[in-house]
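Trainee: Chain residues, written in single-letter form:
There are 4 protein chains.
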Amino acid sequence: MSRARLEAFSDGVIAVAITLLALNLAVEGPGHGPLIDQLGHRWPVFVAYVVSFFTVGIIWVNHHALVQDLARVDRTVLFINLGLLLFVVAIPFGTALMASYLTEGGADSKLAMALYCVILEGMAIGFGALFAWSLGDGRRHHPIPSDLQRSAWLRFTIGGLIYILAIGAAFLSPMLALGIVGATAVYYIFERGAAGAT
Amino acid sequence: MSRARLEAFSDGVIAVAITLLALNLAVEGPGHGPLIDQLGHRWPVFVAYVVSFFTVGIIWVNHHALVQDLARVDRTVLFINLGLLLFVVAIPFGTALMASYLTEGGADSKLAMALYCVILEGMAIGFGALFAWSLGDGRRHHPIPSDLQRSAWLRFTIGGLIYILAIGAAFLSPMLALGIVGATAVYYIFERGAAGAT
Amino acid sequence: MSRARLEAFSDGVIAVAITLLALNLAVEGPGHGPLIDQLGHRWPVFVAYVVSFFTVGIIWVNHHALVQDLARVDRTVLFINLGLLLFVVAIPFGTALMASYLTEGGADSKLAMALYCVILEGMAIGFGALFAWSLGDGRRHHPIPSDLQRSAWLRFTIGGLIYILAIGAAFLSPMLALGIVGATAVYYIFERGAAGAT
Amino acid sequence: MSRARLEAFSDGVIAVAITLLALNLAVEGPGHGPLIDQLGHRWPVFVAYVVSFFTVGIIWVNHHALVQDLARVDRTVLFINLGLLLFVVAIPFGTALMASYLTEGGADSKLAMALYCVILEGMAIGFGALFAWSLGDGRRHHPIPSDLQRSAWLRFTIGGLIYILAIGAAFLSPMLALGIVGATAVYYIFERGAAGAT
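Protein chains in written order, with the numbering used here: chain A, 2 to 199; chain B, 2 to 199; chain C, 2 to 199; chain D, 2 to 199.
These are computed hints drawn from the structure, not numbers from a lab. Be aware that one or more of the hints could be misleading.
On the chain C side, residues computed to face chain D include the following (Cβ under 7 Å) [claimed, not checked]:
1. Ser3
2. Arg6
3. Val14
4. Val17
5. Leu79
6. Leu87
7. Phe94
8. Ser101
9. Glu105
Listed next, the in silico EDC-like pairs over lysine to aspartate or glutamate satisfying Cα-Cα at most 20 Å (straight line) [unchecked claim]:
10. D:Lys111 to A:Asp38
11. C:Lys111 to D:Asp38
12. B:Lys111 to B:Glu122
13. A:Lys111 to A:Glu122
14. C:Lys111 to D:Glu29
15. B:Lys111 to C:Asp38
16. D:Lys111 to D:Glu122
17. D:Lys111 to A:Glu122
18. A:Lys111 to B:Asp38
19. B:Lys111 to C:Glu29
20. C:Lys111 to C:Glu122
Here a beta-carbon is modelled for each residue, glycine too, at the ideal position from N, C-alpha and C.
So that you can see chain A by itself, here it is in the shape it has in the complex:
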């Protein structure tokens, strides 16, 4: 089986998912009060768009880096990849849900944010599974030295733990959880250290 179609299909799915994020930007339009108020009232939608856009973008960058070194592709890795995409595709839903409830307050606000973070956690676990698979014998052109493996695992574990932390934080304060997810995106954009390992 060829790596090219795994990449092409994943690129397509991630490209559609990242573009669908923008469907949620719509305002109600003429006849629903001054536009400036409509936009002001919907600020969480714009913040959520930027946070989710870069979160999905980072996964694409990491997916790109991981997959391009694969020496072979089998049915197992195709299905692991589908498991990852199941959560990526759900991110526009999670983003819209979280943004629409962010300023509502109360239990719904917390639950919506927690669900958003659960989807991100699912994505992190899916990506970790893809990475774990890639460590098997003969699966990479450039096997990762064990010390880099350790630092790569550390990064994945931290990513996975951060989203679990965010799920917990959502029940204290949805804003805090959104701050954690946003900060994680900023961290991964500027983080370079172990990039070669993934």
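Got chain A sorted already, so can you dock chains B, C and D onto it with the hints?
Mentor: Just chains B, C and D now, with coordinates in the frame of chain A:
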């Protein structure tokens, strides 16, 4: 004609279709009762999303495996492929329909589920036609030995029969039909035997 | 400039457009009368979906055949291609419009069908322009012999004239116009003669 | 890292964004007055569709020209590219917003148009950043001679300044701003001079 664009176009169509499945996840939002109740009431939507996501994903994996061995591509196979995609593209519609009626009960519930299974049957027939075409002289780099052909046909026939069974089951119990479709997806994910033949 | 990205971008746009056709299949859902009546009432939507799906599919097949023989790609052909895609992308809109008015009768029904045919005419002209460009010196790997050029032009002219005929027919009977468009799709699927020329 | 997936992902995102522009073409449908009036009332939607379609199309052509000469791709350029796509993906939203308020008049009309131009300005800046990155040592197969660099920068600066001018013009007259954006698209389609430099 080149196999590359057949793959690229099919990947694009399947990627968009699988991503559109998530459009159906949306809840009604603030002002329509507690979020937990909205989510609970819409559980069929989430189950349907996972079942259809993997059903489409499996078709993509099998399509990938079949097409990459094609030695040539002509107008006939492009149109057979379009026939397959006609049903793949209709899956988000069928999924949304089936999920929205699943817990309604009565004749509508059965009809909606039957229609969903009819779309899947159309997809199975489309894929079978693509496979049948590929058996012609000089159409594959690695012609399939006749014993593997027999087992591959058996698998396709079973797949096609299962969805016909599911259409029938839909009129007894929509839940039973959904269970059959879900079990079929699980079976194809873990089935390995004749993978090399498709 | 490379042909590969012209193909990749066109494949992407056509793949999304063909998939968006299915968004129009949705019924109103529970609480809007028996499902069988909803589906029966919306039969034009299903017919329109199949007709437009194959119409777009045919354009993709022809685009694929034409572009793969291009020896070079410049800014001019990229913009001609964008002009073609401008109409392809509008087809889901035209299809939804036409289907929703088909059984309304009256002037609106005729206007909606005429608009649908105008969009198809725009697509036909765009494709003709792409073909005309390809005839220039050094633009094809395999220059088309002048007798095949004549037969290819004849086919394009006929295609363009048929859609003009359909625009006219729309004002007599929208059903007749839809029949013409559907028959054209069937004709192009089974037509083989001058396929090598495009 | 490979240029191919940068291209494939960008092609996918731009293809989806350009296709989503057409979602805004929908009219209200039967029961909302004569179709001709619905269409006439919504003329800004059709003008906006054409202007945005070619604006996005031009960015794709320029992106294509720039990226195909890159000698290497690193995480930095992937994230600069994501920054560009963040604005491209927002264009369907900006287009729908601007079109729905264009004929409303008043402050909302001006604000909606200004927001549309801000999104285009963001896109122009993102593209300028991508170009600036490409000038670094060893990043292009064919380094751009300094005099062509100057003319290329001039073009980008003019592009960036024109959209700033359009933001200002939006507060005087939204129609004037739309005229500026449309004229800019026409200019870039026919402009050839420094095409080799980007």
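Trainee: So which hints don't hold here, by number, going up?
Mentor: 17
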